[in-house]
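Number of protein chains: 2
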Amino acid sequence: MILLEPTFESDYSFAHNTPFHLDGGGSLQPLTLHYAMYGRPNSERDNVILVCHALSGSARAADWWPEMIGDGRVFDTTRYCVVGINVIGSCYGSSGPGSINPQTGQAYGGEFPLVTVGDMVRAQEQLIVNHLGIKRLHAVAGGSIGGMQALEWAVRFPHRVARCISIGATPLSAMGLALNHLQRLAIQNDPHWQEGNYSREDAPVAGLALARAIAMCSYKSADLFNERFQRRPNRNGDNPRKSLHDRFDVAGYLDYQAKTFTRRFDANSYLILSKAMDTFDISCPGESELETLHKIEAQLLLIGISSDWLFPVSDVKSLAERLRLTGIDARYAQLRSSHGHDGFLADANLLTPLIRPLLISSREERRQFHARAVGSCV
Amino acid sequence: MILLEPTFESDYSFAHNTPFHLDGGGSLQPLTLHYAMYGRPNSERDNVILVCHALSGSARAADWWPEMIGDGRVFDTTRYCVVGINVIGSCYGSSGPGSINPQTGQAYGGEFPLVTVGDMVRAQEQLIVNHLGIKRLHAVAGGSIGGMQALEWAVRFPHRVARCISIGATPLSAMGLALNHLQRLAIQNDPHWQEGNYSREDAPVAGLALARAIAMCSYKSADLFNERFQRRPNRNGDNPRKSLHDRFDVAGYLDYQAKTFTRRFDANSYLILSKAMDTFDISCPGESELETLHKIEAQLLLIGISSDWLFPVSDVKSLAERLRLTGIDARYAQLRSSHGHDGFLADANLLTPLIRPLLISSREERRQFHARAVGSCV
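Residue numbers (our numbering), protein chains in the order written: chain A, 1 to 378; chain B, 1 to 378.
Isolated chain A (complex conformation) (with noise of 0.2 angstroms):
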């Protein structure tokens, strides 16, 4: 895989005077966003996608999501600016329980306060409006609790955000959220956790593997576990019944996985993320869902994944008849894959036929796609 560079990467520190607020209460000052640029904005900046990522994503779109990204692709980076910006609370660059508290000098770990989806999304907004000077984005897109993000910004911002596509993203169920609480219990469970406050070379890997694999069970679905690992013997010689350590197939995959994420992430960074991905609600705070969602100006595409057990199509597919029946133009679509949750990165290239005819959804844009389309067959 040839990864696309991004044309700009950079950092953006804001709220250096006043301390930027947050739902949960707390507060940071200032605040850092790192983010990254493919393609270039066009005189009038309308031209501008902002991708949000999941919880284990970065600002560097074009790395997690290739197959979107890039001359061509349905971010076609000749004609889009599609801009990534790593969230709060993460540890990809933008302010996080890793970095420097600066009344303390010393990293936030386990200081470093809640945030909510919607704090992620009024950061990037500062970002997107007072720093880029991109009044409107042509489209706003995510999967997971980037697609919380999207939903967030078709809500906040109104008149910001011209097209929003959400994948796999709902309020979390109850179930949804049980499994959260057992990952967060993971990692906390850790004696390495030490309220947060551990050091880098002392971190709580066990606990956060363990958390990342039941992540996967939940990211997956049950017939592609079956169809790649059926009943087979750990894959290194494993003999599951001759002895307690000795592993089936299925739970050789999970450890490799979860230990190969033990080296990108952090545990502070995916308690926050967790907990945001919890709390997040469609209903802005003290309003019905009704009210919140009559905000809306954006036209909507809300995919569901067929095989998504963490967000079931069916929540999905209510959520955008509760937006059609407030008269919001929002369009429901289906990505067949077997890959449960993960279906937006493991079939994104499924996406696109979704995708594209929300972006060229104007007369104008309609006649140059296809223009462009008849030029591309010769």
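It is worth saying that the hints were derived from the structure and are not from the lab.
Cβ-to-Cβ under 8 angstroms is the rule here; a few derived chain A residues that face chain B:
| # | residue |
| --- | --- |
| 1 | Ala178 |
| 2 | Ala186 |
| 3 | Leu210 |
| 4 | Gln230 |
| 5 | Pro240 |
| 6 | Val250 |
| 7 | Leu271 |
Positions of the beta carbon are idealized from the N, C-alpha and C atoms, including for glycine.
Fit chain B to the known structure of chain A by using the hints.
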């Protein structure tokens, strides 16, 4: 709930002179089985129903399946003698990791050998045939790993089983194997586990609680969780938006259930029994599934639970079909329950109409049953 006391409860020890060899290569000497009887065997000893318990159950079957066992219940103790036997590896009276290893004078702890569902059933057969003098069971029944035991009885001891009722049980799918692996990791990650050689006062409680909480998610259904808990904050007053430790209601429920469980169950037993679940396969060693299934003489009733995602109905149904294709009298029935895998306990009252026809399948029994049924209407 008034619990039905067993008419008889005792221990049976055997393998005093020669060790009881286990499928995994280990052995036990002697081997003790704790058992309970409800009702009395008739003079022919052909009215015995063996009820096999699930992972956390015990020989006292009427304690955990009260809707099923008693006067007038489907396992009618005025007609049948219901026998419950604690499985080897458990912590409710039979030989398990908490038992004294006669070779060392200490508890086995982490030295307890792996056991299989086959080992459990071979041990039970010793008690049933050699000790109780029962040549043929009227029926053997159970759910989950209890249902695996019921199937194993039908396969290993075809002439000893007239009827086999197996509920929510097939060989575990890859997802099931994955979830069991993570539960064991949760225990083994706990520094108190000490490779299984912990004291009762310093047991891996947090790890066992997490294991149980993961299991609870697989035993219940997403719909049930939504219905019961929605996205409500924990009923103790937690505000999950204010702190990392404040929970949603479903998380409070899981923590409570998990904590309660740690007071009554042993972590090493959990490891041994979940491993036995993993390794259960219908086929006898060195045989194809077809060859093994051909041996069955019992009438089989396989029950799938509509909302069970650990043992999906499609898997149970498919096993029943494979059995029928080999000429076995295997029926399939579905328990409609929103409780997920736990449905065989939570909705046990709904099992009666599914099971009763099998129990009264001989002409004479049908006659008696109808006579009683008419009588009871008077």
